[in-house]
Each structure stands twice: as C-alpha cells, then as structure tokens.
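**Q** Residues per chain, in single letters:
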Amino acid sequence: GENVEQHPSTLSVQEGDSAVIKCTYSDSASNYFPWYKQELGKGPQLIIDIRSNVGEKKDQRIAVTLNKTAKHFSLHITETQPEDSAVYFCAASKGNAGANNLFFGTGTRLTVIP
Amino acid sequence: DVKVTQSSRYLVKRTGEKVFLECVQDMDHENMFWYRQDPGLGLRLIYFSYDVKMKEKGDIPEGYSVSREKKERFSLILESASTNQTSMYLCASSFAPSGTDTQYFGPGTRLTVL
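First to last, the protein sequences are chains Z and L.
Quick note on the numbering used here: the first sequence kicks off at 41 and runs consecutively.
Quick note on the numbering used here: the second sequence kicks off at 2 and runs consecutively.
Where hints are given, some of them may not hold.
[To be verified] Simulated restraints, written as ranges between beta carbons of each label pair: (1) Z/ASN107 with L/LYS14: 41 to 49 Å; (2) L/GLU18 with Z/GLU96: 44 to 52 Å; (3) Z/GLU79 with L/THR87: 30 to 38 Å.
These aren't lab readings, by the way, just hints derived from the structure by calculation.
Where a beta carbon is used, it is the ideal one built from N, C-alpha and C, also for glycine.
Input sequences plus hints: build the corresponding full structure.
**A** Printed below as a string of structure tokens:
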C-alpha cells in the first residue's frame, strides 16, 4: 500500500516568515495530493490540492509543488499569520473509483509566533 | 456548506462496553469514512462506505464494525471497547466514488476508554 511520510512534525516560525512542509510518497501510481488544515477543536479541512499532471499550484499565500520523479510534494505558506497556526496533513491517493482512499501523513504542527 | 456532524464531542466509556459513534452528513454524499487520529500516527482509515449497506475495510478495522442503513448516516461500533481504542475519531464524507473528491470532516469525537 501507499506510505506517506511528512516532515517536520513541528514547526515554529515568526509571523511574516515562510513555512515549508514536505511529504514523500511510495506508490508511483498516486496521482492526487491534497493538503488539509486542522484547527484546534475542528476536523481537517481541505486547503489546496494538486494533481500529477501539474508541477505547481498557488492560491494566494499558499502553494504546493510536486516532483513526480522524486515522489515528493511540499506545502509553502508565505507571509505567515497567527491564524495559520494549526496542524497540517498531506495525503496521497491513486484516485481509484469506489475506493476513494486517501493515505495521510503524520501531520505537522505549525506555530506562528506573533 | 457541507455539514458533517458527530453525535458526541467527548465520550468516556468503560472497558468491555459497546460503543456507538454516530455521524450524519447533510449533502447527499455517496461516500462516508471513519478515521482514527492519534498523535504521531496521523489519520488512519478504519472503514468506509460508498453506498447504503455497503462497507469496506480500511487500514485498521480490527475491533470495529460499521453500519450504514441510510445514505446520510454512518455509524462506528466498538463491540467491546478496550483501552487501546482511546483516541480521536473523525467522520468524513465525499460526493462521488472518485479518489480525488474532497473529503469533508466532522469535528471529531474524543473517546476515552477506562
């Protein structure tokens, strides 16, 4: 099965600095890579995703990059704000109909220091 | 907005008790999921269902069962709770049986088994 590794497990940055979270995956058939943000007391929520036919995707201060050859993908948050503090999960899926299995990384707790 | 609700935010049970965790979604989603979230382990899939009365095992189904009698409701059952089932349980739903559909999560139920 798929194995998703995520680093670092904790990350502290000063407000305004950038944060980068990295994930690797093992199954070359995976083709969909979402990122979820979990705020305190809430369930995870999708913030951005990327498919294997593109190498980079950006949405305001958030960007994801994908390197299919190396089987790794990253989340970049620029100009961090205190409200970015949360746990972030990467995930990978092969997109099989009827399965809808997402394999999640172990999470990164991001703390933005005001 | 999609809403996924879970019957309890916090639950305390004793070893050997039968435990029911209920999840309801209001967006007519086909797929529903139960995950377990533990520190350092991320989200692990217990069971999922892609249709009423249909269920599929996830990565860690041992000690759990599920029921989906209606499209909007997915129940997780611990037949005989044990202390190693103390965890955060997250329910999720997604629209269609494709591995690339966004999963919408409930707020979670923190279960403690004494």
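**Q** All the hints need checking, so say for each whether the structure fits it.
**A** Hint-by-hint comparison with the structure:
At about 45 Å, the CB distance of Z/ASN107 to L/LYS14 agrees with the hint of 41 to 49 Å. Checked against the hint of 44 to 52 Å, the pair L/GLU18 and Z/GLU96 passes, with Cβ atoms roughly 50 Å apart. Look at Z/GLU79 against L/THR87: about 23 Å separates their beta carbons, and that is not inside 30 to 38 Å.
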